[in-house]
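> Starting from the given sequences, assemble the full structure and let the hints guide the process.
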Amino acid sequence: MQFWATVLLDGLTYASYLFIVSLGLTIIFGVMKILNVAHGSFYAWGAYTAAFAIGFITDNELSEALFLPAILISAILVGVVLGYVIERFILRKMYNQDIHLIVLATFGVFLIFEDLIIITFGVDPYLPYQPAMMLGWVDIVGLNRGVYQLTLILLASIVAFACWYGLTKTKWGKLLQSVIYDREISVAMGIDVTKVYVVTFIGGAILGALGGAYVAPTTSVSPGFAIDLVVLSFAVVVIGGMGSIPGALIGSLIVGILRAFAVHQAPILELFVVFAVMAIVLIIRPEGLFAPPKPRKI
Amino acid sequence: MFTGIFKDTSVRILITFMIVLCVLSSLVLPDWMQNNFMYGLSRGLAILGLMLLWRTNLVSFGHALYYGFGAYAVALCQKYFGITDILLRFAIAVIAAGLLGFCLGFILRKYREIFFAMLSLAFSMVLYGLLAKAEFLGSTDGMSISPSTLLGMELTRQYLFYLITFFVICAAISIQAYLRSTLGHLTTAIQDNEIRVEYLGYSVQKAIHIKYVMSACLAGGAGGLMAASLGQVDPDSMVNWNVSGELVFITIMSGWGNILAPFIGAIIFEFIRTYAFEWAPQAWAAIVGGTLLAIIFFFPGGIWSVIEKVFNYGKKKNVK
Chain Y
1 MQFWATVLLD GLTYASYLFI VSLGLTIIFG VMKILNVAHG SFYAWGAYTA AFAIGFITDN
61 ELSEALFLPA ILISAILVGV VLGYVIERFI LRKMYNQDIH LIVLATFGVF LIFEDLIIIT
121 FGVDPYLPYQ PAMMLGWVDI VGLNRGVYQL TLILLASIVA FACWYGLTKT KWGKLLQSVI
181 YDREISVAMG IDVTKVYVVT FIGGAILGAL GGAYVAPTTS VSPGFAIDLV VLSFAVVVIG
241 GMGSIPGALI GSLIVGILRA FAVHQAPILE LFVVFAVMAI VLIIRPEGLF APPKPRKI
Chain E
299 MFTGIFKDTS VRILITFMIV LCVLSSLVLP DWMQNNFMYG LSRGLAILGL MLLWRTNLVS
359 FGHALYYGFG AYAVALCQKY FGITDILLRF AIAVIAAGLL GFCLGFILRK YREIFFAMLS
419 LAFSMVLYGL LAKAEFLGST DGMSISPSTL LGMELTRQYL FYLITFFVIC AAISIQAYLR
479 STLGHLTTAI QDNEIRVEYL GYSVQKAIHI KYVMSACLAG GAGGLMAASL GQVDPDSMVN
539 WNVSGELVFI TIMSGWGNIL APFIGAIIFE FIRTYAFEWA PQAWAAIVGG TLLAIIFFFP
599 GGIWSVIEKV FNYGKKKNVK
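Chain order of the listed sequences is Y and E.
Per the numbering used here, residue 1 is the first one in the first sequence, and the count goes up by one each step.
Per the numbering used here, residue 299 is the first one in the second sequence, and the count goes up by one each step.
Honestly, I wouldn't trust all of these hints.
Stated by the list, open to error - Label-pair restraints from in silico Cβ distances:
#1 Ala-432(E) - Ala-188(Y): 49 to 57 Å
#2 Ile-153(Y) - Val-604(E): 48 to 56 Å
#3 Ala-432(E) - Val-81(Y): 54 to 62 Å
#4 Gln-489(E) - Ile-284(Y): 22 to 30 Å
Claimed, not checked - Only pairs whose alpha carbons sit at most 16 Å apart, straight line, appear in this in silico EDC-like list of lysine to aspartate or glutamate:
#5 Lys-33(Y) - Asp-228(Y)
#6 Lys-33(Y) - Glu-411(E)
#7 Lys-171(Y) - Asp-139(Y)
#8 Lys-33(Y) - Asp-139(Y)
#9 Lys-431(E) - Glu-270(Y)
#10 Lys-431(E) - Asp-228(Y)
Hints listed in this document are in silico derivations from the structure and should not be mistaken for laboratory results.
Note that CB positions come from ideal geometry on N, CA and C, so glycine has one too.
Given below as structure tokens:
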């Protein structure tokens, strides 16, 4: 009982953070058909900016209530700036290119931004633990867990709800769905696809940065910590179905809980299970477990 | 298949290039440059394999699987059987990776485009996940590899260099022979239209499978040689996904016009990395990434297209 509660709780926490990051990735893929390796850069930059902001607040002894707004603002700032720059100056020139070339271009962008982090923030790790300290700890079914980690689950639920609402109930969401469904027809109907692309990419970038910024207080933020995340979020997106939003939710739950189970039961399999599941899903159902049905085009 | 292979212009240029390299390395080159050429040539084998796949529009984002598998095969054979002979090492790496490629090929040959890329990524990360956590394989520290021998004799680095060039020449000539055969000509046909190839009576999946196994063998051999010349294997620099990304990057940088292109590309990459590391140790990855973007935007045909233009080589002969 105790064991399963631990697995479930750790798995859920981990899944929430994977979900926030992968959601950005899957939306970008669904709309723009781009597999964005540079998503890791949004994540890393979000984490570093948040760590820097938290350090600034602590050093100047400002109010602790500023921590949460600071995290949100750094995520939005990073998402808007990096998202716009990458979309405007790199991706926009490549939309008609081979899909593999675009993946490689984002890989190049990822390498560049990895080093820009080292140049901007230095090589020493940041430990922005203050927000996590502030909220303290709590006992849940006999398990001592940080309240901050638990708010991650709350944040993921808010993001999931906002995303569902935005996509199905607002005008912008409907435009987006039409572009996902068929780009050409959308252009013919008068939708400004370029604008949709910019907004989507920035939105996805903000989600990636938010994942990084929110997770920063629970880990040590050091160079190269986005490398593992990129491929993990790829696994999540592939398991759920590339471009599917409920897929990202299911995918992150599967990966999160499996990984938590492996960590407690057989640490040697921690990474193995995740990618084994990814491979099995690709073999059995390449379009992903919850991919939207493909319209047959003539 | 091999008849008249030595009359082929590409093969002649390749052999001349390699001989020039050998002479240079034995006479003038300083040690560090010789190392760069050695790593470049070894890695070039893997690039040659990726180039084969690229010609059918298949891009593997998980070729580090075979690269690392070959390297670890060499490391394990040394640990458990004490094999240090360079010929055996190369053979073991090639055969091990080839067998793995043969098995996975049955699944992968049905996949195209982004699904092919993702599935090969998944397979390579499965191996990474195991290697990075397995204590008896050294986990993330990897394993060290003792210097190679040849038929029981000690092998100096100079002779290792000659041997690597020899392996490279053999591999490249076989690939050229393959490309000249009917099976090789199918490559581009499959890229153009798979259904027509099927109607002509060839099995597309079988052709892709054969090509996949060849590219796995090449990548495995590259890993084996790299392990032997570096003296060290570890998952982060041999099997992780960014290694696969690097390999694909060098493929694009080289271009796919000729069997020599991968080796030139890999050598240039090795030099870019060394110099970038020397001038700007904190920004070498950024320099590599910038080069990648520059190649994609300004030289989509890779370095070989530039060489072709300079020597006007493409107009006189039909380039393979």
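> Hint by hint, say whether it matches the structure.
Against the structure, the hints:
| no. | hint | verdict |
| --- | --- | --- |
| 1 | Ala-432(E) - Ala-188(Y): 49 to 57 Å | holds (55 Å) |
| 2 | Ile-153(Y) - Val-604(E): 48 to 56 Å | holds (54 Å) |
| 3 | Ala-432(E) - Val-81(Y): 54 to 62 Å | violated (41 Å) |
| 4 | Gln-489(E) - Ile-284(Y): 22 to 30 Å | holds (27 Å) |
| 5 | Lys-33(Y) - Asp-228(Y) | violated (22 Å) |
| 6 | Lys-33(Y) - Glu-411(E) | holds (12 Å) |
| 7 | Lys-171(Y) - Asp-139(Y) | violated (43 Å) |
| 8 | Lys-33(Y) - Asp-139(Y) | violated (44 Å) |
| 9 | Lys-431(E) - Glu-270(Y) | holds (8 Å) |
| 10 | Lys-431(E) - Asp-228(Y) | holds (14 Å) |
In summary, the structure is inconsistent with hints 3, 5, 7 and 8 from the numbered list given earlier, while agreeing with the others.
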